[in-house]
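Chains as they are written, first to last, in the numbering used here: chain A, 1 to 306; chain B, 1 to 306; chain C, 1 to 483.
These are computed hints drawn from the structure, not numbers from a lab.
Mixed in with the good hints there might be a few duds.
[What the hints assert, rightly or not] Label-pair ranges, simulated between beta-carbon atoms:
| # | chain 1 | residue 1 | chain 2 | residue 2 | range |
| --- | --- | --- | --- | --- | --- |
| 1 | C | 250 | A | 301 | 50 to 60 Å |
| 2 | A | 294 | C | 464 | 35 to 45 Å |
| 3 | A | 219 | B | 116 | 54 to 64 Å |
| 4 | B | 203 | A | 301 | 24 to 34 Å |
| 5 | A | 294 | B | 116 | 55 to 65 Å |
| 6 | B | 214 | A | 148 | 58 to 68 Å |
| 7 | C | 46 | B | 116 | 33 to 43 Å |
| 8 | A | 61 | C | 457 | 54 to 64 Å |
| 9 | C | 348 | B | 214 | 51 to 61 Å |
As the structure is a prediction and not an experimental result, all values here were calculated from the model.
The beta-carbon is built from N, C-alpha and C at its ideal position, and this holds for glycine as well.
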Amino acid sequence: MSKTKNVVKTQLSPMAKREERWAWLFIAAPFIGFLLFMAYPIGFALLASGSKWTGVNSLIGNLCGFENFIDILTDPKFWKSMLTTIIYMIGIPLGMIFGLLIAMGMNRNLPGKRIMTTMYYVPVVSSLVAVAILWAWVFNFDYGLLNTIIKFLTGHHGPNWLGDEVWVKVAMIIFMTWKGLGTSIILYLAGLQNVPKDYYEAAEIDGATGWEKFRFITLPLISPVTFYILITSLIGGFQVFVEVQVMTTNGGTNYSAATIVYYLYDKAFSNGQLGYGCAVAVILAIIIFIITAINFKYQDKWVVTD
Amino acid sequence: MSTIMTKEKEVLEEKEMNRKKVKVQSKRRKSTREKVVDVIVFVLLLAGALIMLFPLIYMILCSFMTKNQILSGSLTLIPDPVLIGKYSEVLSKGSFFNGILNTVKVEIPVLLIGGFTSSLSAFAFAKMNFRGKNGLFLALLATIMIPFAVVMIPQYVLFTKLGWTNSLLPLIIPGCFGNVSMIFFLRQNLYSIPNDLMDAAKLDGCGYFRTYWMIFLPLMKGALGTQLVLWFMGIWNDYLAPTIFLRSEKLWTLQVVIRSFNSYYAIQSDYALIMAASVIAMVPTLLLFFIFQRVIVESIAISGIK
Amino acid sequence: MKKRLIALLMSTMMVGSVLMTGCSTVSTEEAGETSADAEDETTTDTFKGDGDKTINILLYMQEHEKKIYSGLIKDFVEEHKDEIKEVNFEVTTQDEYGTKMTANMTAGDMPDIFYVGPDSVRSYVDNGYVLPLDDYVDQETVDNLWPAIKSAYQYDGTQVGQGSLYCLPKDLSCFAFAYNKDLFDEAGLAYPDPENPYTYDEFLEVCKALTKDTDGDGEIDQWGVANADAFGMTPYIYSNGARFLNDDYTKVNITDNDAFKTAFQYYVDLTAKEGVTPSVEQDTALGGYQRWLDGQVGFYACGTWDVAAFMDDSTFPYNWDLCGWPVGPDGTKSTTWLGTVGYAVSAKTENKDLCTELIKKLSTDLEGQQAVSGETTGESLQLPNIMDYAKSTFKDKVADGTVPYASNIDVIYNYIEGSDKYDGIFSETTYTYNSEWMDVFLEGVPNVKNGTVSVDDYLKEVEPKMQEALDNAIELQNTSTND
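Working from the sequences, and respecting the hints, build out all of it.
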């Protein structure tokens with residue numbers, strides 16, 4: 001990739017110029033969309049992040065420099081919700097591993113494959129509000145399905161899933177993994193179909209074991225899909241909000257379930273500090289961008305892109 | 001034109017061959033060991049699928065329960081008495097069908113036009129050379145890193161100024177400019193199609209748009225299908241943007257209608273009604289998913305060309 | 001593929017029918033569940049007349065209320081047909097209302113009529129968003145409002161409670177106390193006296209008598225009372241004559257405040273020491289509200305908006321009545337908090353007369369009030385806003401059973417109007433820019449209730465944090481305005 005870049009920089013052949021012009025035309029739509037619908041809002045949010053804007057008062061009249069940012073970085077609640085957000089990301093590799101395993105199972109062309117895939121996809125399709133109500137009942141300490149089963153199997157009372165500061169995180173990870181698993185399955189299923197069967201046949205002739213086939217054929221060839229799932233899950237993972245809002249009251253005991261975006265909502269909309277909320281968003285976007293950029297930089301190390 | 005034609009033909013032939021191979025393979029008698037593995041995998045997958053499905057079953061059961069039974073402490077699974085009225089109540093609400101109609105009015109233009117613009121730019125990002133390719137791509141990704149919470153207010157301001165708030169345009173027009181996550185996935189997917197196809201097209205003097213339209217679009221049909229279904233679900237289940245941007249009740253999308261069933265004070269919330277509405281809202285998406293799975297997963301196989 | 005589809009449908013139906021055969025099938029109406037509006041026509045949110053004036057309304061309310069208010073608006077348009085071109089009635093949920101209003105303010109596109117709560121009167125007025133109603137609403141109407149509501153919407157530029165009137169009330173609610181008569185009968189206890197609220201000590205004794213293990217499995221399964229911290233704690237504290245803040249709402253005052261400490265200690269002890277409420281852990285499992293509905297607790301808070309639900313046998317199959325919150329040793333009156341939201345007219349509206357006319361109709365039209373308070377609908381969603389109606393006909397209708405209501409309805413009247421035994425005030429968060437300082441306090445209360453932290457330590461630890469949040473709120477209140 002970098003080679004082409006150098007070539008392009010030094011001497012752009014008419015052919016390459018023509019290609020470049022076409023390419024810019026092809027990618028124009030999303031950028032025009034960006035300019036029309038995102039540039040102004042982002043600029044607005046940036047400006048508001050430096051103001052004590054409450055939504056009711058004057059935005060320009062209350063500019064305060066970096067005060068919001070300093071307040072945020074010195075607020076223990078911000079750090080607490082940041083930590084929780086990162087802990088929830090344990091669910092990302094879990095979802096990817098389960099997703100890949102299930103997709104590989106489905107890929108064995110078993111009977112009822114389509115109906116089973118549909119069953120795994122049910123959580124993705126169902127309305128978040130409704131399933132959150134249901135899961136809150138499943139996790140209920142005394143009467144919930146989960147603790148009823150635990151009591152039946154072990155004779156002991158299960159944990160206080162939504163009330164305990166540690167267990168609530170486990171409960172949230174279970175819930176989010178359950179909700180998102182279907183998506184990774186169909187994406188992996190799509191990726192697996194891309195792996196040529198004759199690679200496996202060749203490997204079999206060479207006497208490769210099942211693990212070796214997985215390690216040296218499957219894994220590298222689905223790495224573009226893995227990379228996609230990883231990046232989008234990271235971006236999504238930093239923005240978890242609705243799940244927390246519908247599953248817990250006020251972000252859980254001692255704010256133990258609250259995420260960054262929950263914190264943002266809390267400040268911006270419950271407490272009427274919109275400028276402050278915008279500043280939280282700016283910090284969050286910078287963090288996500290850095291992490292994404294690092295991932296892109298090092299993707300050559302493991303992502304096979306032909 | 002000849003080189004490209006043969007190249008494309010080659011790809012398609014190989015794809016076809018591969019499909020046949022798969023068929024032959026699956027017809028080939030599996031060894032006893034493989035059969036045993038199949039059975040174990042099948043049982044595990046089925047068990048997993050049932051767990052995934054359980055909350056849905058619970059949801060269906062709840063939709064037949066009385067308010068008191070749902071809210072009562074003890075865990076009950078079987079509705080007693082069985083209330084069937086909630087479904088007719090949902091379906092008799094004019095707003096419910098109106099909500100479905102509005103959602104469909106948003107879905108169709110967005111998926112058609114947005115799918116086209118997204119796949120076109122994905123093609124450019126994956127297969128064409130131009131300056132600033134990676135930087136521009138990261139910039140595009142950056143737009144989904146900012147929480148919607150902070151851009152929704154300025155966006156609303158924008159839509160008000162444009163005079164769109166009395167229509168569905170705020171939900172339709174931005175989507176038509178493409179979907180970043182879709183561009184990303186298609187880009188990743190296109191990596192597994194060899195570049196020599198592109199080179200052959202160039203050699204033949206085949207125009208870029210023609211190359212996209214005639215060769216690559218058919219090849220990414222499956223991946224595009226997967227993403228379109230995911231996007232469809234996203235729009236179907238989205239409620240925050242429609243609630244903020246739509247001013248008239250006549251324009252409410254399905255999720256906004258469902259949400260209006262959910263009252264502020266728990267006691268007045270008609271849980272059974274919410275569950276019934278959610279079940280009804282799910283059915284079309286599940287059917288769609290089930291039907292399109294063949295397109296999504298199976299035609300995605302562009303294997304055998306590596 | 002077709003076959004599989006059919007198979008899918010078949011299996012769904014089979015699951016369904018298996019479920020059905022187990023038990024009897026009942027329609028919604030038979031089970032006594034109120035179906036909101038089965039015969040609902042398509043949504044009508046635009047009302048057209050022959051004139052040239054357009055009015056936009058943005059409110060939040062629930063389905064059944066909306067029906068009543070849509071009717072009122074329709075009548076209004078009919079009455080002013082030659083003036084009005086159209087009235088757009090936009091209804092959203094309470095959760096999204098604030099966001100939509102912020103968006104509208106930012107866009108400079110305010111609806112003509114919207115809600116303002118007593119807590120936002122100051123910032124809305126300071127920023128020039130609402131129209132003073134003094135010149136538009138006649139004295140007779142104003143005099144017929146509950147004094148408590150009137151003062152909540154008066155503001156003179158520095159202080160709430162005096163000056164111009166800015167809103168007409170949509171409602172006035174009151175957070176009273178209720179008890180489960182059946183549990184009292186079982187325990188052989190005398191019912192609480194609505195004339196004389198319990199003292200702290202009396203209340204504790206009654207609660208102890210109600211707390212027991214009814215099924216003999218060695219675990220307590222019935223409690224005297226259940227308290228939700230966010231709503232049900234302040235009445236105990238207010239009833240001991242204590243407040244969180246000083247008189248001008250600028251300083252948190254809880255550590256050097258014996259009355260506050262006594263009240264909070266009492267509140268905590270109900271759970272930690274006396275065990276007459278479900279434990280903190282049990283509370284996370286099943287909220288007090290559900291336990292009350294399940295008949296597991298003797299006393300529970302009852303807002304005026306809860307009454308209709310508690311009167312509904314399929315939701316709450318027990319006999320119950322209203323009573324006062326217990327009074328502490330330092331207090332003189334049983335005190336609870338009141339709530340309200342009001343209709344405001346945009347300062348920038350082009351149709352000042354018409355809009356004020358319309359909110360008058362929504363707020364104080366007799367027919368409308370008869371509907372929302374239950375005389376014509378049989379379901380009391382709120383108290384009537386019109387005082388003379390509330391005190392005369394409405395009470396008669398409660399007495400003769402036309403309006404299903406708890407018989408000790410006077411408890412609510414006493415709280416709203418104040419008496420020698422009762423008092424109602426607005427929560428202190430009403431007078432501060434936001435309620436973050438209160439949230440800070442509430443966050444740690446479970447730790448005190450389960451005995452992890454002592455009351456003294458907690459108050460000492462939390463006071464500076466609350467003060468910080470309060471200072472922040474004051475700063476925001478005083479930020480530069482739009483004008």
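Taking the hints in turn, this is what the structure says about them:
For residue 250 of chain C and residue 301 of chain A, the hinted distance range of 50 to 60 Å is satisfied, since their beta carbons lie about 59 Å from each other. At about 40 Å, the CB distance of residue 294 of chain A to residue 464 of chain C agrees with the hint of 35 to 45 Å. With their beta carbons about 33 Å apart, residue 219 of chain A and residue 116 of chain B fall outside the hinted range of 54 to 64 Å. Distance hint check: the CB atoms of residue 203 of chain B and residue 301 of chain A are about 33 Å apart, consistent with the given range 24 to 34 Å.
Distance hint for residue 294 of chain A and residue 116 of chain B: a CB-CB separation of about 33 Å, inconsistent with the stated range 55 to 65 Å. Distance hint for residue 214 of chain B and residue 148 of chain A: a CB-CB separation of about 59 Å, consistent with the stated range 58 to 68 Å. Roughly 36 Å separates the CB atoms of residue 46 of chain C and residue 116 of chain B, a value that falls within the hinted 33 to 43 Å. Checked against the hint of 54 to 64 Å, the pair residue 61 of chain A and residue 457 of chain C fails, with Cβ atoms roughly 42 Å apart.
Range check, residue 348 of chain C to residue 214 of chain B: about 57 Å between beta-carbon atoms, so the 51 to 61 Å window is met.
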